[in-house]
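Colleague: One-letter residues, chain by chain:
Number of protein chains: 2
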Amino acid sequence: MTSMEVEVNWEVFVAALAGVEVITDAAQVAKLSQDYHTFSPILQRDLAGKVGDIVVRPATEAEVLRVAAVCAWYRIPVTVRGAGTGNYGQCVPLHGGVILDMSRMQRIGWIEKGVARLEAGVKLAALDKKARESGWEIRMAPSTYRTATLGGFVAGGSGGIGSITYGQLRDRGNLLALKVVTLEDEPRAIELRGDDVQKVNHAWGVNGIITELEIPLAPAYPWVELIVTFDDFMTAASFGQALGDADGIVKKLITVFAAPIPTYFAALRQYLPEESHAAFLIVAESSLEVLPGLIQEYGGKLTYQKSAQDANKGVNLWEFTWNHTTLHARSVDSSITYLQSLFPLDKSLQTVEQMYHYFGDEVMMHLEFIRVNGAVIPAALQLVRYTTEERLNEIIRYHEANGVFIANPHTYIIEDGGRKQMDPEQLKFKQMVDPYGLMNPGKIKALMAS
Amino acid sequence: MTSMEVEVNWEVFVAALAGVEVITDAAQVAKLSQDYHTFSPILQRDLAGKVGDIVVRPATEAEVLRVAAVCAWYRIPVTVRGAGTGNYGQCVPLHGGVILDMSRMQRIGWIEKGVARLEAGVKLAALDKKARESGWEIRMAPSTYRTATLGGFVAGGSGGIGSITYGQLRDRGNLLALKVVTLEDEPRAIELRGDDVQKVNHAWGVNGIITELEIPLAPAYPWVELIVTFDDFMTAASFGQALGDADGIVKKLITVFAAPIPTYFAALRQYLPEESHAAFLIVAESSLEVLPGLIQEYGGKLTYQKSAQDANKGVNLWEFTWNHTTLHARSVDSSITYLQSLFPLDKSLQTVEQMYHYFGDEVMMHLEFIRVNGAVIPAALQLVRYTTEERLNEIIRYHEANGVFIANPHTYIIEDGGRKQMDPEQLKFKQMVDPYGLMNPGKIKALMAS
Ligand SMILES: Cc1cc2nc3c(=O)[nH]c(=O)nc-3n(C[C@H](O)[C@H](O)[C@H](O)COP(=O)(O)OP(=O)(O)OC[C@H]3O[C@@H](n4cnc5c(N)ncnc54)[C@H](O)[C@@H]3O)c2cc1C
Ligand SMILES: Cc1cc2nc3c(=O)[nH]c(=O)nc-3n(C[C@H](O)[C@H](O)[C@H](O)COP(=O)(O)OP(=O)(O)OC[C@H]3O[C@@H](n4cnc5c(N)ncnc54)[C@H](O)[C@@H]3O)c2cc1C
Numbered sequence: 001m002t003s004m005e006v007e008v009n010w011e012v013f014v015a016a017l018a019g020v021e022v023i024t025d026a027a028q029v030a031k032l033s034q035d036y037h038t039f040s041p042i043l044q045r046d047l048a049g050k051v052g053d054i055v056v057r058p059a060t061e062a063e064v065l066r067v068a069a070v071c072a073w074y075r076i077p078v079t080v081r082g083a084g085t086g087n088y089g090q091c092v093p094l095h096g097g098v099i100l101d102m103s104r105m106q107r108i109g110w111i112e113k114g115v116a117r118l119e120a121g122v123k124l125a126a127l128d129k130k131a132r133e134s135g136w137e138i139r140m141a142p143s144t145y146r147t148a149t150l151g152g153f154v155a156g157g158s159g160g161i162g163s164i165t166y167g168q169l170r171d172r173g174n175l176l177a178l179k180v181v182t183l184e185d186e187p188r189a190i191e192l193r194g195d196d197v198q199k200v201n202h203a204w205g206v207n208g209i210i211t212e213l214e215i216p217l218a219p220a221y222p223w224v225e226l227i228v229t230f231d232d233f234m235t236a237a238s239f240g241q242a243l244g245d246a247d248g249i250v251k252k253l254i255t256v257f258a259a260p261i262p263t264y265f266a267a268l269r270q271y272l273p274e275e276s277h278a279a280f281l282i283v284a285e286s287s288l289e290v291l292p293g294l295i296q297e298y299g300g301k302l303t304y305q306k307s308a309q310d311a312n313k314g315v316n317l318w319e320f321t322w323n324h325t326t327l328h329a330r331s332v333d334s335s336i337t338y339l340q341s342l343f344p345l346d347k348s349l350q351t352v353e354q355m356y357h358y359f360g361d362e363v364m365m366h367l368e369f370i371r372v373n374g375a376v377i378p379a380a381l382q383l384v385r386y387t388t389e390e391r392l393n394e395i396i397r398y399h400e401a402n403g404v405f406i407a408n409p410h411t412y413i414i415e416d417g418g419r420k421q422m423d424p425e426q427l428k429f430k431q432m433v434d435p436y437g438l439m440n441p442g443k444i445k446a447l448m449a450s
Numbered sequence: 001m002t003s004m005e006v007e008v009n010w011e012v013f014v015a016a017l018a019g020v021e022v023i024t025d026a027a028q029v030a031k032l033s034q035d036y037h038t039f040s041p042i043l044q045r046d047l048a049g050k051v052g053d054i055v056v057r058p059a060t061e062a063e064v065l066r067v068a069a070v071c072a073w074y075r076i077p078v079t080v081r082g083a084g085t086g087n088y089g090q091c092v093p094l095h096g097g098v099i100l101d102m103s104r105m106q107r108i109g110w111i112e113k114g115v116a117r118l119e120a121g122v123k124l125a126a127l128d129k130k131a132r133e134s135g136w137e138i139r140m141a142p143s144t145y146r147t148a149t150l151g152g153f154v155a156g157g158s159g160g161i162g163s164i165t166y167g168q169l170r171d172r173g174n175l176l177a178l179k180v181v182t183l184e185d186e187p188r189a190i191e192l193r194g195d196d197v198q199k200v201n202h203a204w205g206v207n208g209i210i211t212e213l214e215i216p217l218a219p220a221y222p223w224v225e226l227i228v229t230f231d232d233f234m235t236a237a238s239f240g241q242a243l244g245d246a247d248g249i250v251k252k253l254i255t256v257f258a259a260p261i262p263t264y265f266a267a268l269r270q271y272l273p274e275e276s277h278a279a280f281l282i283v284a285e286s287s288l289e290v291l292p293g294l295i296q297e298y299g300g301k302l303t304y305q306k307s308a309q310d311a312n313k314g315v316n317l318w319e320f321t322w323n324h325t326t327l328h329a330r331s332v333d334s335s336i337t338y339l340q341s342l343f344p345l346d347k348s349l350q351t352v353e354q355m356y357h358y359f360g361d362e363v364m365m366h367l368e369f370i371r372v373n374g375a376v377i378p379a380a381l382q383l384v385r386y387t388t389e390e391r392l393n394e395i396i397r398y399h400e401a402n403g404v405f406i407a408n409p410h411t412y413i414i415e416d417g418g419r420k421q422m423d424p425e426q427l428k429f430k431q432m433v434d435p436y437g438l439m440n441p442g443k444i445k446a447l448m449a450s
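Quick note, the sequences are listed as chains E and W, same order. Residue numbering for the first sequence follows UniProt numbering, starting at 1 and increasing by one per position. Residue numbering for the second sequence follows UniProt numbering, starting at 1 and increasing by one per position.
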């Protein structure tokens, strides 16, 4: 690994950025150098002690351009940060330098005809709230919806609540345009539209600083949250698949948990009988009429229902799903970690069943049904009772050998995660926008060889 | 076939219904005994001369109840009629009797939170217009949308424009409740909700007289209509599949025509170069940004685009799709008839390709992509250059032998069409609501044996 440690006179740096907010307090800088990679014991070990030198908090694109110019001039590594809720240490600087905190850029430009234009630091929940005023909402959101920024979601996330209908962020149509500031000698703000957005989509902040985004919205249905419990896991899973495949039922979330996962949700205990397997659902109010029929077909039991009117009251089911499941489990037992998987398209869910039985309690099944290329399949964030790195890798390999795609969340290298290979278009774009290789350095394998 | 010809004193009948509108004029009665089965040379032959004795046009459910009582008392066959746009002679009375024309029952009860309650005679276009006032629209509609009634669509249709997103009418969730009047000695109006609607869904008017329906609506996106042309049919078809599978692109229609079908559309000639294969699309405005990328990937050429603002101006592309394609083709060459098919789930579209090459110009490929059990597959209403009944059956058998499901539109027997077998629940329900077997008699094979 190349060392990029640079000798920077930070006083000169700060002076050059006069007027831009900076944070130099060591404790705060350390805190803003962190994210949620701590869910992984491997990343916890590998990223320990990695901190930036200074945090810069631009409030406008003009300020971002100034920061970019100064960093390019002094060849200072730049790690962009939204809310720092990423899970792969994407926000953790491997070579110090500037933490560029985008969370002050919270302007929502416009919302029109189902499209929103906004700054990268806008929180998903804030956008959603604003969009709802005109009958729209975001198409998909991670379970960190309350805190995560849109820029961070696009640069570091994949999908979430809503993906059962709209697929993932990477799918054509879920991102319409974005503007990035380059780290060239004379930084520019470049607008990418249409398919060109893929040059920056999910690029972990290595391909320019996203300042603005344009995303399509979804119609805001009145949504109902429900819990359905089952005596048998595979029946719960098949119910999830059937609901996913029911084209006449409008839905936003289908999560299925094997026992004992529901026992980690203390706040929901009364709705989750001992030993039960559970489906957490978000369904449009206009689809409620026909849900009992489907539930009955699979022998499920409806134990909880929160109406659309009460959306802002009490607990939010979605904050127990996606990687919040891991969060809740870890708060009970911090030895638990997780996997990220995509099961093959197969309505009989044979591979799910195989893994469920093969690993038993060591890998607890947590399915998130999503659309992938037009079909509903179970993604999974299985909970793993961690013992050793070797065993973890064995578990991963066994899944892969059986046709399960694993987006390994125990690495900070882009290609070792979900990508497997860096998109050549992204690499080409990187050469242009980041000629000195300053952006989030050390995370791209393809660049390490060179 | 049992003969049901009854001796009715129609004067007494009319007197018993004093106050209810009736039509006795022979020419009018003959006209209202017809539907669009004329697309099929077989049905044209088999249904020639079949007419009702009288048309009754109730304006309220109370009137329907009166008509039902009188018909039950005198054992008069009842053929319910919406707008009479059905294609299988569903509206043609095999044994005379009453034509019950529901088209006066046009009240829209309420539209709330994405659900509408309305009378069976409401025209789809009228409902759509009303729903749009509050941001909603119908989920799916046949291309006869301007004239067809909702009752007729539910009792006789299957799906259409919108089915690429919401699947078909029979899919759980696309119909929430309906009310039917029975033909018992003392007719009742029965409300069926949830899964119970399946007892009447697509029952061709044999299972009670639908007076009201409750259906879920879809959010009304601003829609754009487009034509994309291709040099090669299979590329056009693959484009259609890819667009269908693009979860991030919101759409309402994906139709693909092989040459020479586009030449039948005189009004669109300028957008359809000679020899070209064409895709007719309806896509949400917010998905337009990314469409050029996909079109380019498949070497298509965008030749026509009508913006959402102009929705009510000029031609409507959807009036060239679904069975309107057959209508336009037949207006040029009346020897043309058609098939109704569902191709197997296979993204490489091998069976489509096989049929395309095997039949050449005799069976012209017309694909309508729709969602079936959660996946996008091509349905088809191929145009057939008709020669003999024998050859038509041969064509059908060849498709079936190669895994293509055919909903034969050349029969007036329910089970010989798309159903294959009568749902036992529907038969049971029929025994209850129509104890004398008066409703649309002669169309159910299962009842002929007995
Ligand atoms: C409990 C929990 C649950 C989660 N659930 C989900 C989930 O359901 N789905 C999902 O996809 N993810 C999930 N995540 C991961 C993460 O929360 C989301 O991806 C989130 O959207 C990241 O947003 P952020 O603002 O926190 O980004 P950060 O963590 O701050 O940044 C993420 C990446 O984006 C880059 N970045 C941030 N802003 C910019 C910018 N303006 N320009 C360029 N690059 C930028 C960063 O450099 C980093 O590489 C979860 C995480 C946790 C801890
Ligand atoms: C050019 C053309 C294009 C078409 N495109 C499509 C398409 O895209 N998709 C599609 O599904 N169909 C299509 N059709 C068939 C037909 O137009 C539709 O199914 C339409 O919805 C039927 O409505 P209608 O009011 O005309 O019904 P009708 O033809 O009047 O009736 C259809 C059936 O329903 C029964 N019925 C009607 N009203 C009631 C009631 N109130 N209670 C009980 N039974 C009742 C009748 O007895 C009959 O069996 C097309 C037909 C044509 C001619």
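There could be a bad hint or two in this list.
Which copy is meant is left open, because identical chains are indistinguishable; a pair holds if it fits in one copy or across any two.
Straight-line Cα separation of at most 25 angstroms, BS3-like style, residue types lysine-lysine; simulated pairs [what the hints assert, rightly or not]:
(1) Lys129 - Lys113
(2) Lys130 - Lys113
(3) Lys306 - Lys130
(4) Lys313 - Lys301
(5) Lys347 - Lys129
(6) Lys428 - Lys31
(7) Lys445 - Lys428
(8) Lys50 - Lys428
(9) Lys306 - Lys445
(10) Lys313 - Lys113
(11) Lys31 - Lys129
(12) Lys113 - Lys306
(13) Lys428 - Lys301
(14) Lys313 - Lys428
(15) Lys428 - Lys113
(16) Lys301 - Lys420
(17) Lys347 - Lys130
(18) Lys130 - Lys301
(19) Lys301 - Lys129
Honestly, the hints are just simulated from the structure, not real lab data.
Colleague: Does each hint hold? Answer for all of them.
Modeller: Evaluated hints:
Within a single copy, Lys129 and Lys113 get their C-alpha atoms as close as 16 angstroms, and across copies as close as 19 angstroms, so both meet the 25 angstroms cut-off. Taking the closest pair of Cα atoms, Lys130 and Lys113 come within 25 angstroms of each other both inside a single copy (14 angstroms) and across two copies (20 angstroms). When the C-alpha separation of Lys306 and Lys130 is checked against a cutoff of 25 angstroms, the pair qualifies only within one copy, where the shortest distance is 22 angstroms, while the shortest distance between copies is 30 angstroms. Proximity of Lys313 to Lys301 under the C-alpha cut-off of 25 angstroms is restricted to the intra-copy arrangement: shortest distance 23 angstroms within a copy versus 51 angstroms between copies.
Taking identical chains as interchangeable, the C-alpha atoms of Lys347 and Lys129 are never at most 25 angstroms apart, the minima being 36 angstroms within one chain and 39 angstroms between chains. With identical chains, the CA atoms of Lys428 and Lys31 are never at most 25 angstroms apart, being 33 angstroms at best within one copy and 69 angstroms at best between copies. For the homomeric pair Lys445 and Lys428, the shortest alpha-carbon distance inside one copy (15 angstroms) is at most 25 angstroms, but the shortest distance between copies (66 angstroms) is not. In this assembly of identical chains, Lys50 and Lys428 lie within 25 angstroms of each other by CA distance neither inside one copy nor across copies; the values are 28 angstroms within and 72 angstroms between.
With identical chains, the CA atoms of Lys306 and Lys445 are never at most 25 angstroms apart, being 46 angstroms at best within one copy and 47 angstroms at best between copies. For the identical chains of this complex, Lys313 and Lys113 are inter-copy neighbours only, at 20 angstroms across copies versus 29 angstroms inside a copy, given an alpha-carbon limit of 25 angstroms. When the C-alpha separation of Lys31 and Lys129 is checked against a cutoff of 25 angstroms, the pair qualifies neither within a copy, at 28 angstroms, nor between copies, at 55 angstroms. When the C-alpha separation of Lys113 and Lys306 is checked against a cutoff of 25 angstroms, the pair qualifies only between copies, where the shortest distance is 16 angstroms, while the shortest distance within a copy is 29 angstroms.
For the identical chains of this complex, Lys428 and Lys301 are neighbours neither inside a copy (53 angstroms) nor across copies (28 angstroms), given an alpha-carbon limit of 25 angstroms. Taking the shortest alpha-carbon separations for Lys313 and Lys428, neither the intra-copy value of 48 angstroms nor the inter-copy value of 45 angstroms comes in at or below 25 angstroms. Taking identical chains as interchangeable, the C-alpha atoms of Lys428 and Lys113 are never at most 25 angstroms apart, the minima being 34 angstroms within one chain and 48 angstroms between chains. In the homo-oligomer, the alpha carbons of Lys301 and Lys420 never lie at most 25 angstroms apart, since the shortest distance is 41 angstroms inside one protomer and 34 angstroms across protomers.
Neither within a single protomer nor between protomers do Lys347 and Lys130 lie at most 25 angstroms apart by alpha-carbon distance, with minima of 38 angstroms and 39 angstroms respectively. Proximity of Lys130 and Lys301 under a CA criterion of 25 angstroms is satisfied in neither setting, with 36 angstroms inside one chain copy and 38 angstroms between copies. For the homomeric pair Lys301 and Lys129, neither the shortest alpha-carbon distance inside one copy (32 angstroms) nor that between copies (39 angstroms) is at most 25 angstroms.
Violated hints, in rising order: 5, 6, 8, 9, 11, 13, 14, 15, 16, 17, 18 and 19; the structure is consistent with all others.
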